[in-house]
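Here is what each chain is made of, one letter per residue.
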Amino acid sequence: MALLKTDNITMQFSGLTAVSNLSIEIDSKEIIGLIGPNGAGKTTAFNMITGVYKPTTGDVYYNDTNITGLKAHEITHYGIGRTFQNIRLFKELTVLDNVIIANHLRLKSNLMESVIRTSRYRKEEKHIYEKSMSLLVDLGLEDLKDEKSSNLPYGKQRRLEIARALATDPKLLLLDEPAAGMNPQESIELMGLIREIRDKFNVAILMIEHHMQVVMGVCERIYVLDYGVTIAQGVPDEIKNDPKVIEAYLGVD
Amino acid sequence: MRDRKKVLTLIFLLVTIIAVAVLNFTLDSYKLKIITLCGIYIILGLSMNLINGFTGLFSLGHAGFMAVGAYVSALLTMSPALKDTVFYAAPINPFIKMIQAPFPVALLIGGIITAIIAFLIGAPVLRLNDDYLAIATLGFSEIIRVILTNTQTLTNGSLGLKGITRYTNMWWSWGIAIVTIFFMIWLVKGMYGKAFKAIREDEIAAEAMGINLFKHKIMSFVIGAFFAGIGGGLLGHLIGTIDPNMFRFVLTFNILLIVVLGGIGSITGTVIAATAVTILMEVLRFIESPISLGAIHIPGIPGMRMVIFSLMLMGVILFYPKGLMGRNEFNWDYFINKKFLKSKKKSV
Amino acid sequence: MDIELFFQQLANAISLGSLYALIAIGYTMVYGILRLINFAHGEIFMFGTYIAFYAMTSFLLPWGGAFLIAIVLTVIFGLLVERAAYKPLRNSPRMSVMISAIGTSFLIQNLAIVIFGGRPKSFPVPDLFNTVIHLGNISIVSITFITPIITAIVLVFLLYIVDKTKTGMAMRAVSKDYEAARLMGIDVNWVITITFGIGSGLAAIGGIMWGLKYPSLLPMMGLMPGLKCFIAAVIGGIGNIRGAVVGGFLLGLIEIMLIAALPALTGYRDAFAFVLLIVILLIKPTGIMGKNIAEKV
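Chains as they are written, first to last, in numbering that gives the first Met the number 0: chain S, 0 to 252; chain D, 0 to 347; chain E, 0 to 296.
To be clear, the hints were calculated from the coordinates, so they are not data collected in a lab.
The beta-carbon is built from N, C-alpha and C at its ideal position, and this holds for glycine as well.
Be aware that a few hints might be false.
[Said to hold, decoys possible] Keeping only pairs whose Cα atoms sit at most 25 Å apart, straight-line, the calculated SDA-like set for lysine to any residue is:
1. E:Lys283 <-> S:Val51
2. S:Lys147 <-> E:Arg93
3. S:Lys107 <-> D:Ala122
4. E:Lys120 <-> D:Glu287
5. S:Lys53 <-> D:Lys4
6. E:Lys283 <-> D:Pro123
7. D:Lys214 <-> S:Arg119
8. S:Lys144 <-> D:Trp185
9. D:Lys214 <-> S:Leu106
10. D:Lys214 <-> S:Phe12
11. E:Lys165 <-> E:Gly289
12. S:Lys147 <-> E:Pro92
13. E:Lys86 <-> D:Gly325
14. D:Lys321 <-> E:Arg93
15. E:Lys175 <-> D:Asp201
16. S:Lys130 <-> D:Trp185
17. D:Lys4 <-> D:Leu158
18. S:Lys70 <-> D:Gly325
19. E:Lys283 <-> S:Phe12
20. S:Lys53 <-> D:Leu212
21. S:Lys90 <-> E:Ala259
22. S:Lys122 <-> D:Arg247
23. E:Lys120 <-> D:Arg247
[Said to hold, decoys possible] Chain E regions said to be covered by chain D (calculated; three or more residues, Cβ under 8 Å):
24. 86-97
25. 221-230
[Claimed, not checked] Stretch by stretch, here's where chain E covers chain D in the computed footprint (C-beta under 8 Å, at least three residues):
26. 116-127
27. 138-147
28. 311-318
With the hints as constraints, model all of the structure from the sequences given.
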């Protein structure tokens with residue numbers, strides 16, 4: 000049974016087909032790459048999976064449950080976490096608060112309990128604090144916990160986005176260009192980090208990435224999109240030598 | 000350290016209570032009324048700041064919420080006999096006539112009904128963003144006013160309600176203000192307050208983190224409306240008469256001024272600004288009324304007070320958008336450290 | 000309702016609707032460029048009416064000259080408002096700009112109370128606009144005909160500017176993508192100035208028409224028409240000039256006809272617009288003629 004399965008999902012924006020008939024399957028604890036030139040529809044695919052857009056046609060299954068058309072927050076609840084290509088942290092809030100907020104969805108206490116601070120609420124709050132701190136330690140951000148998140152350097156902001164997504168307790172983590180804006184050194188560290196995350200948190204990872212070294216180095220399977228169409232899929236070595244992929248990336252005279 | 004802060008907070012509360020008691024005995028009734036009004040505006044300012052400042056929803060419906068709270072609670076405290084004399088133009092609905100409740104219960108029911116109405120308004124409107132939300136909430140506030148004017152047998156129409164017993168005193172207004180302050184502090188510090196702030200910062204990210212936008216927006220909106228309704232009820236029982244014209248957009252404007260001046264998203268700022276603006280509103284009354292100094296007669300300038308207030312609002316937003324406090328709050332640590340540093344310097 | 004009364008009311012509705020349309024165009028143009036509800040639009044409208052009033056009564060100008068001066072001064076006034084209250088906030092959060100707009104609206108309103116006085120002033124209506132025309136059993140005041148004609152002329156003129164001229168092309172570009180237009184070398188500030196100027200000019204024309212139709216001036220007179228015309232603009236699809244005209248007519252028609260049909264609702268007249276707004280926003284938030292825009296994630 001696949002953890003995530005998209006069955007021919009298609010997204011059209013007023014006549015323009017951004018993604019057509021995308022079918023991907025991801026098993027638990029797999030690391031999958033989604034690559035393709037700019038404008039190939041990769042982020043649109045993410046948005047369909049996470050409920051930001053409802054696919055024009057086709058269905059998304061999570062653990063065999065049809066989650067097509069559910070709201071984004073409901074899909075997060077099921078166990079799909081994500082980061083954003085153009086970094087969407089809660090800018091004015093602290094690093095720690097960014098992570099704490101991502102625990103809110105699993106909170107059992109209601110609003111009044113949080114105001115009068117019942118013992119159940121205090122217990123939950125303490126647990127969330129400890130869990131968030133340990134996530135920050137895992138991503139090497141513990142020293143920056145009280146910093147305003149927008150003050151972080153670019154690479155650290157990307158790490159914080161990952162920490163935040165992990166705080167929602169996902170089984171599938173969607174990373175949208177995690178290496179963008181990172182220097183070569185940081186990119187190499189990131190590869191190690193992605194594997195560590197998979198092992199420690201038992202998550203499957205689907206990542207969009209342009210940095211080929213990272214993709215080829217860490218992904219177990221890769222899907223390639225071009226103009227919304229899936230032109231290739233397979234293990235890194237197959238993809239590297241696929242003439243269609245080379246054509247899409249380099250163009251043909 | 001934690002205990003020390005608790006002790007300090009308790010001392011602070013005690014001082015406030017003593018201050019209220021002392022002021023209650025020493026001030027004349029006019030000044031007492033102003034101080035009482037300050038407490039009410041603190042409640043109103045905080046309720047708007049929760050919606051607009053902490054959750055980032057630009058709502059302009061406060062006057063409408065206050066109107067609902069004021070009417071409901073006033074109709075509950077007025078005696079059947081009094082209602083009969085007030086409703087001389089058209090007889091009052093018999094059910095509304097008979098129903099009666101003591102002041103605190105009336106206030107609470109006023110707040111709850113306001114919250115219910117806010118829920119009904121919010122359900123469709125909170126799906127809208129920014130400017131549309133602002134206009135739609137302003138629209139609802141106006142609709143509430145138009146309805147109050149036209150439902151003669153329920154609200155006495157444009158004649159309004161008169162002879163409401165003036166139950167609101169220093170104790171009630173400041174008591175409820177302090178409860179509201181602590182409620183807001185704990186709410187904003189807690190997980191739900193953090194979720195509200197996340198929505199303010201970035202709706203799409205908040206939703207991707209599993210926060211149900213609609214549910215949390217409506218929670219913030221309804222809680223804000225509840226306190227606005229209580230504030231409206233207190234106001235009605237302070238002034239003694241209410242009519243639909245009292246609840247025009249300008250009332251929302253005054254509260255908005257408090258929130259902006261104090262800092263959008265700061266509880267401390269709202270408390271300070273509410274007090275300052277309320278006092279200023281009274282002090283500036285003299286500009287609008289004629290003054291006679293012996294032989295010299297200075298005519299009043301109607302409209303001048305609001306000119307000053309609009310200039311204040313624009314001045315803050317144009318030149319000092321953070322307001323008094325920005326998003327900062329008063330906290331004992333800062334206070335202790337500063338004091339500590341000062342005494343250290345002296346000893347050197 | 001008999002047929003004569005119906006036509007009488009229809010004429011009123013078209014007249015009021017065209018007046019709403021005129022003011023709504025100003026709203027829609029400014030919103031299209033700046034994404035800003037110009038809360039002060041109603042106050043600019045009020046200012047225009049007062050200037051025309053003083054030009055005629057204090058300076059004893061003939062009405063044509065008075066109206067022209069009122070329009071010119073209102074345009075200048077509108078541009079000053081933009082410079083002072085909106086331009087400094089171009090990169091600020093939406094809420095700040097809106098608060099500034101609300102502040103401006105209240106400031107002008109209350110300055111008007113201070114300067115012009117709070118008592119109503121009666122607007123002198125020249126005979127041309129006040130002649131009663133009899134059509135069978137229906138009698139209609141000439142202003143009822145003149146307003147739609149003026150709106151039509153203004154609309155043709157504006158559509159020519161927006162669709163055919165270079166300035167119009169720049170306006171469309173800025174409203175599509177502010178940042179891209181700036182990078183393409185369009186003088187965005189100039190476009191904003193032109194737009195605000197046109198919007199304020201339309202507000203002045205609308206204000207004068209309003210004065211001719213309802214000749215009692217008050218400093219608060221801009222508030223309700225201002226809100227209603229914004230609503231008309233939203234109903235039609237904000238940012239769309241043709242939409243504003245449709246919205247204006249629709250609002251005028253509904254207001255007059257609903258009351259004519261159900262006189263019991265007279266007291267609720269000012270609530271219609273808001274109810275209509277909420278209904279439209281829930282069914283089709285982009286308005287009748289608006290396009291859907293999805294937020295980029």
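Which numbered hints fail: The structure breaks hints 5, 10, 17, 18, 21 and 22; every other hint is satisfied.
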